[in-house]
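Q: Letter by letter, the chains look like this.
2 protein chains.
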Amino acid sequence: MSPVSIPRIVQVRRNILKRNDEVARALRLRFAEAGVFVVSLVSSPGSGKTAFLEKTLTLLNNGAHHPAALVGDLATGNDAARLARSGAPVRQITTGTLCHLEAAMVENALADWSLPDLDFLFIENVGNLVCPSSFDLGESLRIVLLSVTEGEDKPLKYPPIFHGADLALVTKLDLADAVEFDGAAAARNIHSVAPEMPILYVSSKSGAGMNDWLDRLLALRARSTTSATTEP
Amino acid sequence: MSPVSIPRIVQVRRNILKRNDEVARALRLRFAEAGVFVVSLVSSPGSGKTAFLEKTLTLLNNGAHHPAALVGDLATGNDAARLARSGAPVRQITTGTLCHLEAAMVENALADWSLPDLDFLFIENVGNLVCPSSFDLGESLRIVLLSVTEGEDKPLKYPPIFHGADLALVTKLDLADAVEFDGAAAARNIHSVAPEMPILYVSSKSGAGMNDWLDRLLALRARSTTSATTEP
Numbered sequence: 000m001s002p003v004s005i006p007r008i009v010q011v012r013r014n015i016l017k018r019n020d021e022v023a024r025a026l027r028l029r030f031a032e033a034g035v036f037v038v039s040l041v042s043s044p045g046s047g048k049t050a051f052l053e054k055t056l057t058l059l060n061n062g063a064h065h066p067a068a069l070v071g072d073l074a075t076g077n078d079a080a081r082l083a084r085s086g087a088p089v090r091q092i093t094t095g096t097l098c099h100l101e102a103a104m105v106e107n108a109l110a111d112w113s114l115p116d117l118d119f120l121f122i123e124n125v126g127n128l129v130c131p132s133s134f135d136l137g138e139s140l141r142i143v144l145l146s147v148t149e150g151e152d153k154p155l156k157y158p159p160i161f162h163g164a165d166l167a168l169v170t171k172l173d174l175a176d177a178v179e180f181d182g183a184a185a186a187r188n189i190h191s192v193a194p195e196m197p198i199l200y201v202s203s204k205s206g207a208g209m210n211d212w213l214d215r216l217l218a219l220r221a222r223s224t225t226s227a228t229t230e231p
Numbered sequence: 000m001s002p003v004s005i006p007r008i009v010q011v012r013r014n015i016l017k018r019n020d021e022v023a024r025a026l027r028l029r030f031a032e033a034g035v036f037v038v039s040l041v042s043s044p045g046s047g048k049t050a051f052l053e054k055t056l057t058l059l060n061n062g063a064h065h066p067a068a069l070v071g072d073l074a075t076g077n078d079a080a081r082l083a084r085s086g087a088p089v090r091q092i093t094t095g096t097l098c099h100l101e102a103a104m105v106e107n108a109l110a111d112w113s114l115p116d117l118d119f120l121f122i123e124n125v126g127n128l129v130c131p132s133s134f135d136l137g138e139s140l141r142i143v144l145l146s147v148t149e150g151e152d153k154p155l156k157y158p159p160i161f162h163g164a165d166l167a168l169v170t171k172l173d174l175a176d177a178v179e180f181d182g183a184a185a186a187r188n189i190h191s192v193a194p195e196m197p198i199l200y201v202s203s204k205s206g207a208g209m210n211d212w213l214d215r216l217l218a219l220r221a222r223s224t225t226s227a228t229t230e231p
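Read top to bottom, the protein sequences are chains A and G.
The first sequence maps to residues 0 to 231 in numbering that gives the first Met the number 0.
The second sequence maps to residues 0 to 231 in numbering that gives the first Met the number 0.
I should point out that these hints are in silico values taken from the structure, not numbers from a laboratory.
One or more of the hints may lead you astray.
The calculated DMTMM-like cross-link candidates involving lysine to aspartate or glutamate, where the alpha carbons are at most 25 Å apart (straight line), are [to be verified]:
hint, chain 1, residue 1, chain 2, residue 2
1, G, LYS54, G, ASP176
2, G, LYS54, A, GLU179
3, G, LYS54, A, ASP165
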């Protein structure tokens, strides 16, 4: 064995990631050309991704906007059925035993959709605080959710997924008192792995924080559209 | 390409799993010879594995029993520090970017422990509802935890981890009313992927269900010791 040889498993993993990055780069270009702002959601299972997304889709799907969603799970089409109640186009991606979405799955799921007819696309990843970290999906904004019931320590225990996100969303705020949630500790832990990351606080149940979230989302999309059209 | 060739990534994965099974088999034999009953815990992050385990260790570590624990996380030694408050020997395994424990990590972590001095060993896996499924750790009992705050649908969305466990533990029972937990739906979903799996309900906070759990644990160990000694 040569001293610089790479173990086979590492090499295979690198090839997968390289291929994924190529597909993701092509997707990102397509999304920009079509004027679709793409947001992905990652979190542990049961952090409230689907509830938050259903609320977001319902609020956006008011005639002024044209959102759509892809949702990943190992099994079942339950989440797509829940999200479809918003009236937005939704498609389930089932991954079998895979613990994350890959860019090629997103590409396949979009194959017969007309991207220029959309302005927002949400991609709900498989509930997992580890696997999705390394896989770019071509999104413009990656949100990591942390529910108040999970414990304030999760950012310290799963640094890559917090480090790789653009925005942290603390969910299930309505349960904060019941679980004696320490918001200052959660923010401190998030910022220790992702300094200056913006943090929003929401309750999909009560609706608290949803207007702030929508304002920020619309502003982000407006900014991305402006920068895309002013670039040569 | 021959029609029966196996893709390289599948082959690498099979080799890893085969090697893991060999180490796990050797561990299981060592545990049986030493009279240690080994329980592993799997769940999504924040389901309450550490709180439940701290309570269990504290209740067992009363002079009559000699429990110990290994705990896996990507980063930090926080959980080991929490569990050590019970007075039991505890060791943290940090996995870096890996989303599960493997049998070899357990073997290494135990290297300088005298197994015959213990009667219970608990192995808390990395919080993940996917990755730990395929990795045997040599345990006698694998418990999957589902907190009431995660949603009753999780067994349907993550079938392998529920299917591969021996016992389901519904945790955070004290929050059941606040989240309108539907216990019948949760049990139905667990049994649809793991028919007849025993389900226990606990709250580490209030202590509810902990005596039932300890009774069952002691009975399981007694049965395993008896069957080990009566076998030729």
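Q: Take the hints in turn and mark each one as holding or not.
A: Consistency of the hints with the structure:
no. : hint               : result
1   : G:LYS54 / G:ASP176 : 23 Å, holds
2   : G:LYS54 / A:GLU179 : 19 Å, holds
3   : G:LYS54 / A:ASP165 : 37 Å, violated
Hint 3 from the earlier list is the only one contradicted by this structure; the remaining hints agree with it.
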